Every structure is written in C-alpha cells, then in structure tokens.
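Engineer: Spelled out from the first residue to the last, the chains are:
Number of protein chains: 4
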Amino acid sequence: MTRNVGIIGLGHVGSTIANYIVTGGFADELVLIDTNEKKVNADATDFHDAMANLPFHTNITVNDYSAIKDADVVISAVGNISLQKDNKEHDRFIELPFTKEAVKSVSEKIKASGFNGILIDITNPCDVITTMYQHFTGLPKNHVMGTGTLLDSSRMRRAVSSELGIDPRSVGGYNLGEHGNSQFTAWSSVRVLGQPITEVAKQRNIDLAKLDEVARAGGYTVFHGKHYTNYGIAAAAVRLANIIMSDARSEVPVSNFHEEYNTYLSYPAIVGRDGVIEQLHLGLTDDEKEKLATSANYIRTRFEDTVKDM
Amino acid sequence: MTRNVGIIGLGHVGSTIANYIVTGGFADELVLIDTNEKKVNADATDFHDAMANLPFHTNITVNDYSAIKDADVVISAVGNISLQKDNKEHDRFIELPFTKEAVKSVSEKIKASGFNGILIDITNPCDVITTMYQHFTGLPKNHVMGTGTLLDSSRMRRAVSSELGIDPRSVGGYNLGEHGNSQFTAWSSVRVLGQPITEVAKQRNIDLAKLDEVARAGGYTVFHGKHYTNYGIAAAAVRLANIIMSDARSEVPVSNFHEEYNTYLSYPAIVGRDGVIEQLHLGLTDDEKEKLATSANYIRTRFEDTVKDM
Amino acid sequence: MTRNVGIIGLGHVGSTIANYIVTGGFADELVLIDTNEKKVNADATDFHDAMANLPFHTNITVNDYSAIKDADVVISAVGNISLQKDNKEHDRFIELPFTKEAVKSVSEKIKASGFNGILIDITNPCDVITTMYQHFTGLPKNHVMGTGTLLDSSRMRRAVSSELGIDPRSVGGYNLGEHGNSQFTAWSSVRVLGQPITEVAKQRNIDLAKLDEVARAGGYTVFHGKHYTNYGIAAAAVRLANIIMSDARSEVPVSNFHEEYNTYLSYPAIVGRDGVIEQLHLGLTDDEKEKLATSANYIRTRFEDTVKDM
Amino acid sequence: MTRNVGIIGLGHVGSTIANYIVTGGFADELVLIDTNEKKVNADATDFHDAMANLPFHTNITVNDYSAIKDADVVISAVGNISLQKDNKEHDRFIELPFTKEAVKSVSEKIKASGFNGILIDITNPCDVITTMYQHFTGLPKNHVMGTGTLLDSSRMRRAVSSELGIDPRSVGGYNLGEHGNSQFTAWSSVRVLGQPITEVAKQRNIDLAKLDEVARAGGYTVFHGKHYTNYGIAAAAVRLANIIMSDARSEVPVSNFHEEYNTYLSYPAIVGRDGVIEQLHLGLTDDEKEKLATSANYIRTRFEDTVKDM
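Protein chains in written order, with full-length UniProt numbering: chain Z, 1 to 310; chain F, 1 to 310; chain G, 1 to 310; chain D, 1 to 310.
Please keep in mind that the hints were generated in silico from the structure rather than gathered at the bench. As the structure is a prediction and not an experimental result, all values here were calculated from the model. Do not take every clue at face value.
Identical copies look the same in the list; a pair holds intra-copy or inter-copy alike.
Unchecked claim - Pairs of lysine-lysine residues, derived as DSS-like cross-links and limited to a Cα-Cα distance of at most 30 Å, are as follows:
(1) Lys-104 x Lys-141
(2) Lys-210 x Lys-141
(3) Lys-210 x Lys-39
(4) Lys-39 x Lys-202
(5) Lys-38 x Lys-210
(6) Lys-289 x Lys-69
(7) Lys-202 x Lys-291
(8) Lys-141 x Lys-308
(9) Lys-38 x Lys-104
(10) Lys-289 x Lys-202
(11) Lys-69 x Lys-111
(12) Lys-308 x Lys-202
(13) Lys-289 x Lys-109
(14) Lys-100 x Lys-141
(15) Lys-69 x Lys-104
(16) Lys-111 x Lys-289
(17) Lys-308 x Lys-291
(18) Lys-210 x Lys-291
(19) Lys-202 x Lys-109
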C-alpha cells in the first residue's frame, strides 16, 4: 500500500523529479533506475543525505525492476541530452535513435516486473515514445500517457501571464498536438480575465503570434542557457503523478491515445487513478483543427517509421 | 514585507536551493544572481515554466543586487565545481583561488546594497569563506554563518540510521569543526534509541570508526558519481533559511564564530531571526576537544594566509 | 520582514484558519485576538502543544493589537454563531446587530495600531461588514476585501464536479453578488471539460437549477449538521492570504468595491500584495446582470441603514 | 494502493485530524465514520467545499466500514467530551463507561471489515482503550498503538522550550506511562542545548518540578479555555500516521505493549509500516522506574476491571 513511484532515467529531469517527490513527501517508496549505476547511486545517497533535514521520509530502492511491480506510477525520464548539444532547432527527434532502443529494453523490463499501474512518459520525442511504451508494454492505452504539451501549455501560460501581469495559474487553455515543433497554442481555448484571450488581445492590442514566440523563446532560453531543461518539466510530471495517485480526476493536457487520429497526441483529458478517464472535446477553429490533424499525422508517421524495423 | 531570499551563485547547488524554495513556497521574493547571465536566466525561466503547475507562487528577480536590500536571508552558493574535477581527495581548498576573489567582489556588492539580514555561506572552503564574508561585508558576526557540518552531520546521521534501520531524524548528534578534511564526528554527542551511541555500539558490536568511513564514503559516492553534490546540501540550506525566517530558534550545527578559537567553525548553536542566538557547550571528550582545536587552528591559519594579500 | 498575519476572532472559523496557517507554515508571526481571553489562550497553547510535531515553526502573539502594525494581512473572523442557532433560513444578517458593534470597535483598534496591510473580512454579513471595515479603518478601498462568494463559488464547483465526476479545481466559474441569499451562480462564466457548462448541460441533460440547489443544500448540510461551517471557509481565506503575501496576482471572486454599484460585492478580481489590482469584466447575460444589480442594491441599502445611526 | 486512512469518531479531534490530512495532502482515500450521521456528513461536505481552494485532492467516503479494509492506518478518535464538562481534575477515566462500549462495537466492525493495517488509538483513557482495541480486534500487538504521551511529551517540550527561548523541536526527551494523571516526565531522558536538562537546570537555576507544572497547566488552559483540546493531539496523530505510512522508523513515545508490565503504556519505540518495530531501553533513574511501574500497574488494573464484565 501507500504511495509507490518508479523513475526510470536519472538524468537532469529524472533526478529533479525524484528530488521534488522526496522534498514534498509525495511518495513512500521511490524506485530509481538508471543504466549509469554510479549516477543513480550518487543521487540516491544525496537524497539520503538530505533526509535528516526534511519533514518527510521516503524509502529509496535503486536499480531493481522487481520493486516497481506494485508502483502506482512509473515515470520514464530516459534520455540522452548530450545528443541535443549542437541541435540549434531543438528537434526532439535527434534523440530517437538512442531512446527508441532504450525504451524497447525498458518496456520489456517493466512488463516482466508485472507492473500494472500508470506509465507517464517524458522521454522524447514524447508522443512517439509514449506510443512505443504502450506498444511494447502491452499496458491498456489509457494507462500510458506522456507529459506532452503540459509543459508547452505552461510555457504559453507563463508568456500570457507575464504580458498581463497575472498569475500563470489564472490563465486557462492549451497547447495541442505533438510535444515538438508541430505543436501549437489553441488560442480559442485560452481564457484570461474572465474572457476569451482573443477578446482581451483586441482590447489591449496584444499580438498573439508574438506571445507564441515568447513562449517558445522561453524554452530556448532555458535550453541554450543550461543545455537541458528540468524544473518546468519536473513540476509538470510530479503534478501529473499526484493527480493520478490521489485520483483527482483533473483536466490536464497530456499525450493520450486518440482513436480519431489513431495515435497518441496531446489534448486535454480527465486524469485519475485509472489513467485517462475522459477525453475533452474542445470547440477548435478550423485552422486549429487542421494544425492538429497535421501534428497527429506527423506523429503517427514517425511512429510507424520507427517501429517498422524494430 | 513577506519572505525575501537572495541566492548568489546559480550552479548545481544554488539552482537546487532555488527550486526547493519555489516548489515549497518558502519565499515570496527570490533574487537570483550569477555572473553567467545565460544560466541564471535559463533557471529563472525554467522556474516560471513550472509555476502554472505549482501550489505556490514566487516572484523572481534576476541579477539585481539592489533587490537584496530587504532580503531576510542571502545564501552564497558561488563556486566553480569544475576545479574539483581531478581532485581525488575532494579537498575543498582547491576552489579557494577562485572563490576568494569572487567572494570579495560579492561582499562589496552585498554591502553596497544595504542588505542587513542574515548571510548563509555554502561556498567552499566553507569556514574560510564564511570568515571572509563577515570580514568583507562588515555584517555582525552572528549575522553571518556557514552551512558547515550541517551536511556532514546529516551524512553521519544517514550512516548511523542505515546501520540501525531507523529514521535519520531519530539520530541526534554532531560533526564538528571544519567543513573539510579536518572535521570529525563528536561521537560523545551522538544519541540513538534513547542512549549514547557508544553504549549502543558496545551492545551491538558496531564499529564507530567504520561508520565514520561510511559517512565519508557516501560523500565520495555522490561526488564521484555525478561530479557535484546538490540535494543534501540544498535540504540543509533551505532548512536553515526557514529556521531563520520563522525565528524558530532551532539547534543546528553551523559554522559560527567562536571567540575561544578566534575563528568560524562548525559547532551547534541556537539559530533564529537574529542569526546565531546562543552557542552550545557540549561535553566533549579530551580527544574530541583536541580534534576541534586542531580543526579550528587549521581554519584560522588558512583564513589569515588567504586574506593577508588581498 | 517575513510573513506576519493577524486573525481577529478565534471562534470556529478563526481558529481553523490559524491552525491551517500553523500546520502549513504559511506565516512566521501570527497574532491572535479575541475578546474571550480564555478561548484565545486555549487555542494559542494548543498550537504551541502541536509545534514539537510539526515541520514548521510559527511565533504566536495573543491579544496585542500593536503586534498587527506590521502585519501583511489581517483576517476578521469575528462572529457570534450562536445567534444563528434557530435561524432556519441561515440569513447572515441575523448576526449584524452583534457584528456591527464589534467591527466598529475592532476597526478603531486596527486603525490605532498603524496597520497598513491588506484586510480580509469573513465576518458576516460579509459585504456589509467589509464595507464597514473600509469605512471605519479608512484603509484604501482596494486594501479591504471580503472572502465573499469565494466560498459560494467553491460550493458550486463542488456540486458541478460531483455531478460530472471531475476535480472541483477543473471547474471554472463564479458565484456573484452578496455572500448571502441574493447571491447567484453566473452560469455563463462556468466552464467544464473545455466547454461552457451550458453546452455540457444540454448534451448530458443536466439541470443547472438543480445543481444550484445541490450547492446550497451542501451549505445547509454543513450548517445544520454541526451548527457552524469552518473547513471550507478556512481553505478559502488561507488561499486568499497566501495569494496576497506572495503577490500572486491570482483571479479570485472576492467581495471588492465596485464604483458602478457604489458598494462592495463579490465579483472576480486580480488580487496581489497591493490588494485588488484589477477587476474583471465578465460577459454576463442580461438576467445575470439584473441579479447582480439587485444583489448590489440590497447590500448598499443594508449598509446605509446600518451605518446611518452609528 | 496509494494512501488510505480511516478515522473513527468525528468530534473535535477526529475532524481536526481529517482536516490536517486533507489540507496537507497526506492521504488519497479518507474514510470518515461516526454514529452522528449529520455531523460526519457536515464535515465531509465542508471538506469538499474546501477542495477547490486546496493544492491536493482527497477522496472521502462516509460511514462505510468496508472501505477501511485496505486502510494503511485507522485512527480512533471516538469520544464524548461532554462527559468531561464538570470534570475539574480532567480525569480521562470519566469517559470510560461511554468509550468502552463504543470501542467494543467499533472493534467488531473493524474486525469484520478485514482491516489489517495499523490502528492508532486516541480515545481515552488512552492506554486502557488501546489495550481493549487489541483485545477485541485480535490485531497483532505491534499493530495497535495509542498516541499516549506523544502529546504529554509535546507539552513538556513546549514548557521547556518556552523557559529556554528555543524551538520545542530542539528539546529531546519523553513523558512516560499512562496518558493520564499517573504519567510523568522522565527528566533523565530530556536533553537541551547539547546537555542533560538536569545540568542546564542547575546552571540556570531552573526548577524542573515547576516546568512539570507549567506543562500540565498548559493542558488545563486548553481544556478549560475551550472544553476540549484538538490542535496539539491532531498534530501528534497525523505525524504518527505519516511515520507509519512512509515507514520512517522514527522514535516516538506512543502507547505500546510491554511484556515486562503485561500492559500497554507509553514509552518510546521505533515506529514504521509494521507498527512498533523496536522498543527503546532508556537509562531511567530508580525513581522514574518506580513511577513507571506504578503507572503500568494502574493501567493494567483498570483494563482488567473494565473488561472482566464485558
């Protein structure tokens, strides 16, 4: 019983997630897995060195797949950010040759463990990898999801809130599609100050296209300033894990499987202990619908290309 | 008013501290300062990208010393961990040629800001740098302290708790002296299971010298496994900052100025909003007293050598 | 510096608020004021008895108005719930003869203290009392607000979320007007599942009028089941205090002064360290506009009747 | 999976515990049980009315014993504080005629549910009722414990910390024996400022007997000032529940079964997910040993008298 979370991949993102869970007291059992034994043991010891000064206690297990059998949530943060080093465009597909093999292998170990909780994927390219996780683990489609545009939406909300001088939590709305270059802000879904942002933008002469750029530019500022991003994505992933464990049934834009497009893609859904419980139906504009279809098509094609020779 | 914290140095340690403060909601105003503009802006943006998914809100100011004028606490995490790269012994003095110049410059800017809160130093070599901070800022001695052996004590408590299968928070006692190679566990101060650990060790055949090694080895595991340590020290520093801001008057082993030895060194003290409020008087053994004097002497000599030509 | 909160009135509501602040570590200084010395001392000692087992420390001052001089936020929870005992309708005006005198006296003491932070009123009838607080303290209108329909909106969100099986935090929208019998749900502002609730209600055959009843019935269940309500209102008040202290600039429906109606009434606003920073402009239906005007008129009339002979 | 807590008895104590769990996000499933259906439903609705304004989500089930089958922890806060009304001495045995029948009935329902987690008793007289719970539920002795002198120890720590101007968390040591009039502070176990309190008391002319009175007087201040106590005991109980759920293996003075005295009594133990894991052996003085034996004898006798005709 009690809360059991597994994290696979203890790079910048995975270890930041683990630290947030440890300092926040969100899990009772934390299973940390990484092929770099030295790194995962370093992090585990560092967490243990923190515990005398923390309000909560967390039990940590290292590199033991059998310990995720009873996990409520497993988070995949497998990655190889060094592959992104000279990637000016920050195209997340640059990591795919590495991550696709890693994910296949991880999936087999997850499956072998008997894990039957909810799998959250952060590993990039997020939507393709999420699809692969579902494909290789055989877990129900609604039990596998990616953080997807939960991060992109937060960036959009940061840009909007900064423009208007308000709390990002008081900005509603979503970025949709691929957690990658084909994603877009569904401005028709964004509401601020009690109104559609399109209205507010007219009144205040705000250029939404520029806000889109500001949101993206923020991502680049982070990536080019430190060669990885971790705090924003960790906050998103831990919030999602907590939603699942507490069966909160919250509305979040995550990468979830859409029959209509026959692929995973980010679109808001109600998420709880049974994973994706209900998918929303936004009143998108025609232009947004087209962008979404394009993004979906791109993900599906990339997935098919990727798995056909595996 | 409300809580205002400054962090100087946004490397692995400083940014982990900032993240714990942001996710925990411990400060209302957070001032982040680093000479690497790209890095500090990357972290600030990453924190902003997290905020839509966090329960608390924190306002962040970047690279503006004037904003620390009203800070309750300023934490120095200035460092250059790359200097430690080929340092097998992990001698923290290897960073001194870099940090002494940085700290002098930072002190002048802190002084110019009009800051009159509490200064917590993490920058290594911790005791020498803490002394320098007091020297160069002119702040009252009890308003400047170093995290010192708060981390070493946590490591000792981790090692003891692991041996006995108990919560590290249920291990009392202290490591004393330099936050460096001359520090030592004052076993006479360590109590577990309602008894002095020396008694428990006899009953259970526990070799305390070995536990000392385990505590140190843990530090090496972290350092050599990831080339820096951050989570343990961040938990210690944030706990200390919270103690100060809430005027908790808690007992903690920090680097504080001791008239007797005419130097900063780590020894438990009562800490609150007025900094170091009261120094403890432990009943150390003769051997421990000697070790402490040696450690104190080492720190004082290194400080004098360092500042004489500055 | 650091966070300073005053609470005036330590009945069911005030003491529950104090406890949430103490257990959550949201304030460093907490000033508790009540005319019942025995009760306020009992609560203060009870909080002190809790502190050895809590992660945070809070300093508590009892019955000293001078200690609120530097408070960031003062919360009025003055009340006399026993007056509500045989009040089948739960008309909050039944408390007015008692509270109006209490509030005048409290206002004079607040004024004399030199307090210049933000005043949050919970005392009922909320909107009239909030108006009186502003009137008698002379604080700027945007520095005085009432919790108002923040609680009613939470009840509406609870009713809607329960009907749809989703997180109440995933229900957007507001109850407006008087925190009393003339308040109403502005259904045009309520959005769920990415759509206006009016659309969702049509699709799923949900009777919004019935949901309104469920929301109200919940309030009665609480009031008649224990003769007071405290947990819902305390969560609302503490959230509001935290928003102010962290200058979060969040969108919340609170009782704030509206020039248009020349009265305090609940309507969403952006709230931060400077109190009410910006008022929203909702696209209400004609029917809702009329209800709001009626509610505003009722509050203004009651206020004028109340103060004319004071 | 995830955290599941049951609370039986939603009076002042039980509902304050529930509220701390809900606001702190410590449980995912909370089962509330009380014979007063109106009161327990009022509290449940009040918690639901809070949730839109809280950072965490908690699912609440009311009056369904089958829902505690999978509970990690069940807390008994059954009581009838009105029986204490004219009880000048605050003798907790005054509640026994009521609580013994209630506890027998509750035990049968707990047993029937199939519950096999850890049972924490707060119901008074605590040690006798804890013994009864173990007796009637048939749960393993180490899986049943009472909060016992965890509260008395906190009161002692409050009195000591107030005398010395330090954090109560920086006062170590225990009150032992019955959670009632025969309990006593084991001053030999109390340490402050790095020394035994007996030493500090000599140096500073502190009368420990007077501190004992101050600790007790605090309890009376609370009880006579509001006719119940809730915040101190709730903090103790929730800390204990968290220790159990996170398997923290912390040292806490709880009412646990001692073979030597053939009874439950409060004495520090290591507590984790398997309940009482290890009992401490304090180096008590002869006087303290005698007091403990007297207290143990009193509890055992009262238990035997109580159950012989049930």
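Engineer: Among the hints numbered above, which are violated by the structure, and what are their numbers in rising order?
Structural biologist: Violated hints: 2, 4, 6, 12, 13, 16 and 19; rest satisfied.
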